[in-house]
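> One letter stands for each residue in the lines below.
Protein chains: 4
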Amino acid sequence: MNIGIIGCGYWGPNLVRNFNALEDARVVGVSDLRPERLEYISRLYPHISIISRDCNDILHNSGIDAVVIATPVSTHFTLGMEALENGKHILMEKPMTATTEQAEVLIETAERKNLTLMVDHTFIYTGAVRKIKELVASGELGDLYYFDSVRVNLGLFQSDVNVIWDLAPHDVSIMDHLLDQPPRMISATGVAHFGGGIENMAYISVLYDSGLIGHVHVNWLAPVKVRKTLICGSKKMIVYDDVEPSEKVKVYNKGVDYIKKREEAYDILIQYRTGDMLAPRLELIEALNLVAGEFYDSVNDGRRPLTDGAAGLRVVKILEAANNSLKQGGKVIKL
Amino acid sequence: MNIGIIGCGYWGPNLVRNFNALEDARVVGVSDLRPERLEYISRLYPHISIISRDCNDILHNSGIDAVVIATPVSTHFTLGMEALENGKHILMEKPMTATTEQAEVLIETAERKNLTLMVDHTFIYTGAVRKIKELVASGELGDLYYFDSVRVNLGLFQSDVNVIWDLAPHDVSIMDHLLDQPPRMISATGVAHFGGGIENMAYISVLYDSGLIGHVHVNWLAPVKVRKTLICGSKKMIVYDDVEPSEKVKVYNKGVDYIKKREEAYDILIQYRTGDMLAPRLELIEALNLVAGEFYDSVNDGRRPLTDGAAGLRVVKILEAANNSLKQGGKVIKL
Amino acid sequence: MNIGIIGCGYWGPNLVRNFNALEDARVVGVSDLRPERLEYISRLYPHISIISRDCNDILHNSGIDAVVIATPVSTHFTLGMEALENGKHILMEKPMTATTEQAEVLIETAERKNLTLMVDHTFIYTGAVRKIKELVASGELGDLYYFDSVRVNLGLFQSDVNVIWDLAPHDVSIMDHLLDQPPRMISATGVAHFGGGIENMAYISVLYDSGLIGHVHVNWLAPVKVRKTLICGSKKMIVYDDVEPSEKVKVYNKGVDYIKKREEAYDILIQYRTGDMLAPRLELIEALNLVAGEFYDSVNDGRRPLTDGAAGLRVVKILEAANNSLKQGGKVIKL
Amino acid sequence: MNIGIIGCGYWGPNLVRNFNALEDARVVGVSDLRPERLEYISRLYPHISIISRDCNDILHNSGIDAVVIATPVSTHFTLGMEALENGKHILMEKPMTATTEQAEVLIETAERKNLTLMVDHTFIYTGAVRKIKELVASGELGDLYYFDSVRVNLGLFQSDVNVIWDLAPHDVSIMDHLLDQPPRMISATGVAHFGGGIENMAYISVLYDSGLIGHVHVNWLAPVKVRKTLICGSKKMIVYDDVEPSEKVKVYNKGVDYIKKREEAYDILIQYRTGDMLAPRLELIEALNLVAGEFYDSVNDGRRPLTDGAAGLRVVKILEAANNSLKQGGKVIKL
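In the order they appear, the protein sequences are chains A, B, C and D. All letters in the first sequence, in the order written, are residues 875 to 1209 by the working numbering. All letters in the second sequence, in the order written, are residues 875 to 1209 by the working numbering. All letters in the third sequence, in the order written, are residues 875 to 1209 by the working numbering. All letters in the fourth sequence, in the order written, are residues 875 to 1209 by the working numbering.
These are computed hints drawn from the structure, not numbers from a lab. Hints are not guaranteed to be accurate.
Copies of one chain are not kept apart here, so a pair can be met inside one copy or by any two copies together.
Cross-link-like lysine-lysine pairs, in silico, DSS-like; alpha carbons within 25 Å at most [as the list claims (entries may be wrong)]:
| id | residue 1 | residue 2 |
| --- | --- | --- |
| 1 | LYS1099 | LYS1109 |
| 2 | LYS1191 | LYS1007 |
| 3 | LYS1005 | LYS1124 |
| 4 | LYS1205 | LYS1191 |
| 5 | LYS987 | LYS1191 |
| 6 | LYS1208 | LYS987 |
| 7 | LYS1099 | LYS1005 |
| 8 | LYS987 | LYS1201 |
| 9 | LYS1124 | LYS1102 |
Could you put together the complete structure from these sequences and hints?
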């Protein structure tokens, strides 16, 4: 499989490296508007034959089977459509698109043309999230009560998108993957402390049916780096701390048992349960390595990838609703 | 000063001990509906002469100068009014009342009768919060950007009030004290996972003028105990971690400098600043000791206490609005 | 069982409280040289009939069945002998005596008089150490490789004994209990930074047969509080951190597998194993409560207590050897 | 300056990269016995002209001005001598040599031939150690009381040297650099748990004059990674935790004040001081970058480098004494 990569910023060299590591795939072209990024890549990977400022050298190259779109989100739709129209499978960086409508059109196009459309929700492929998914799916956590994620640090302020579009795709994609159900209502508040309408911090609340709630705090302006997620179920609870060098996932055999004493009233007996805490061994394979493998396999087998266009759409839908709520001062958006 | 205490639950013995520690005050009466609490107190403090199930033995005792009201919040207003009508100064546990209207009536009554009305916002008197207040007030933090507080653990589920009324008074009283300005808009989401309409977790967003934002996460159902507050200013940022045995307050000389390059557009240059981190020595005096002293002094000097009725009212106003928003599915409440 | 307590410093009120909590025992007498300590106790426990500066009021009181000796270690032997001679069972604070010879005489005397002699090695009764002992005894850790303990903070400098006799009894009693074998060689280094020959920091190395090694670092002069013990076995490894509020014991399913490739040479293949980490739920019963119960039961049943005179002697033997080594500049002492 | 590197294991590519980053130096040759290492380097740095299995291609190449010796320690002396004899300046990996005698001969040879001999004690050049040195040298810590370093994890077992020669050079070089005085006595204990006489854990005690003590715990067989150093002075104390991603150095304004009350007796009054804790901002320049610069500058300016042969010798002397003590069961070695 010959792969072309459009957009080669921070994530670009990682994409090249991991696709090159696949046995039957190789990166044959890279394009970027910035000459210095192209130079950097050609120095690192002198064997890549197409190094171009013009993305059409990738999009219209008949020798290229699949395209990775790793440009700013505002260009995702146009580039994705162009790639699909040229018969290329696509792997899109997160967030998939800037609007749900764009995502829907892309999905429909890929289906019509029988091409693979995958979104690089990298975190889904980490050892930590795969282990948590396993615990949730097996029922070991019981019914899910909430998902609470904090992703803050003194970070790279973006000038084109706010913190919701920049950081929240990580948390929202994990939340969507683990909870596996459609949200009902979304609200968000946030502030652009430095003007320009680019919010640098935001809080997103997501209500699901049956009392399940999600919450995400994303922030470019915090003194310490926090990447902490609580996932609480009726049987067990998880703390997932991505800053920890080891023991990123801790499973607490803790909870509350309640007995409704009488039907007519709120008259329940709460009992606390505490047990062992387990930090399961996590697989250490680089997540992007699995992303590349999943893309290759789903193209090859003609099957739907784990993080397909529908997953990308679901994430964009939440981001879009959160952003709309934010712009309307926290108004609750029904989905 | 002869002091009577109405309500003697978990906090009661601490109140007795700290008022007894004052040189010119002593606790002469304690009432509680539960005989076992009264027995416990009379064993610990055999010298207390009035130990009664009837709060009127405190309220109508002419030998008592001041009354501490440490009962469930639903009774605060009635007991407070009765105490004031009987000419007694009052120290009320937090939250001051169940409604803003009640708080206003109490304040008006105390003023009319020229009696001291103080609220036991204990955290305001901790070494940590006093140090932070000092840093904020001196301008060392610069302009304030946000206040973010998380107070979660596997906690004592209450059966009469939800988690907002139970835990958030701590955070909201600290936030009110530090930010020192009236909020403009409030919204809150939360869930009652065990029915009965008693929410066991909630997120509160508070918007102020000039881009300042407050956020509080309170939760009775979390696997780990977190008591962490971020206070971010334009010059410095603070992490206040109350779970830490020492170094509870860390002041980061970190931030973002931005230069607006052109007037017409969002075209700013962001520069990151990082410097030393300082964990200032904190005074170790028990907060409740200072609360008792402040109450005694303000009665004695006829002056307004630091956490007066107005402070109590401001906190109740935020809790009430948050609760209203919560009950309306996160609707934004304008103040 | 009527109990008398000689010596009522920091630990005294805890002893009274925990012995009073037993159903069939009660503290009837307390003696201490310091009037203020006696006053404090009589205020806390007005029912105690004998409150005296003269320990003979305890030792020669025929109504007293058992005596707790909680005085400075230099007086342990004389008081213990006097108690035994007067037919009383004794519970001795750690370290049991100032010399091994004294410990041996006490053991011999108790046996001759058929009286119970127990040593208050409190840590042995904590939920943490009991869980670790269970793991070691069940073979889950495999063969033991080492025991490494650090107990440092900015602590209470003693004026009568050095840091080895003050802090190391904790670590050495745990080490003795877990390793369950006699040491072969001991060496120690340390320094008295403030003169007077009272070392305020020390390192103790203890060599056992079969490559097992113990090491203890005790220090009154450290900026942070550390109470951390590593116990490493061929199958699993434990980190026991007593400063942690929860999850004090972490069991790592980690290790090294080695295969001797050839007999004649050091030609081995090392393979690393990593697996889950488990923090087992620990029982939360106060250790001293179990100490009191064990003392009562062993007296009542005429059986040997878990931490008997022999355990006390083994600990004193290690402390004495370590102290001797220290005074000789680290000379290795063979046992 | 043309540089040749002999030995290209884990550290090799870092050496190449950092020397290439200097403006007026470049790596022109690399040798290693392992073809796969040479291949790896030539792929990374295709411009390096000499890539050879034979170190003589470096040592006897007249175009090479300086040689970095990054081979196993057993070969350091022979290679270093050969390089000096061929008129080349040398930078030697730590530990400098396998014996003090070898180190002395190298120093003498370099001096005689007027060539630079530097040792790569990398840690000395880290932002953390440079900041600590600054604090010690300025007198801010007061008189030094002790240096205590722990460097343990489940690590790479070596087959040619024990843990003292493998890990302790880091701690001993830092200790030597900070304390800046010759040790008086050394003892060490340790165990080879897997036979072959290659100890996998060791404790080293180093006594200096005037009550200063150093202690190092190195261990390849520990469940968690610890890299923690305490440096205690009469005025302030430092905790240097190299595992922390930020705030590696914490300076505690804590200590003990003592007043000798009478001359004749140990009758002192201890008073505890606690103040702020400061985590100073550390420079983030890669240490090896500064090592390369220091080597280049000292060759160019004909001046003695910061970590010269004498520093290397002092470290080897301590390691050798510790190893001798270890092999004699902890016997105290006088220096």
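> Look at each hint and say if it fits the structure.
Here is how each hint holds up against the structure:
{"no.": "1", "hint": "LYS1099 to LYS1109", "result": "between (30 Å within a copy, 18 Å between copies)"}
{"no.": "2", "hint": "LYS1191 to LYS1007", "result": "within (22 Å within a copy, 41 Å between copies)"}
{"no.": "3", "hint": "LYS1005 to LYS1124", "result": "both (11 Å within a copy, 20 Å between copies)"}
{"no.": "4", "hint": "LYS1205 to LYS1191", "result": "both (16 Å within a copy, 20 Å between copies)"}
{"no.": "5", "hint": "LYS987 to LYS1191", "result": "within (24 Å within a copy, 58 Å between copies)"}
{"no.": "6", "hint": "LYS1208 to LYS987", "result": "neither (33 Å within a copy, 51 Å between copies)"}
{"no.": "7", "hint": "LYS1099 to LYS1005", "result": "both (23 Å within a copy, 23 Å between copies)"}
{"no.": "8", "hint": "LYS987 to LYS1201", "result": "neither (37 Å within a copy, 48 Å between copies)"}
{"no.": "9", "hint": "LYS1124 to LYS1102", "result": "both (11 Å within a copy, 20 Å between copies)"}
Hint compliance for this structure: hints 6 and 8 are broken, all remaining hints hold.
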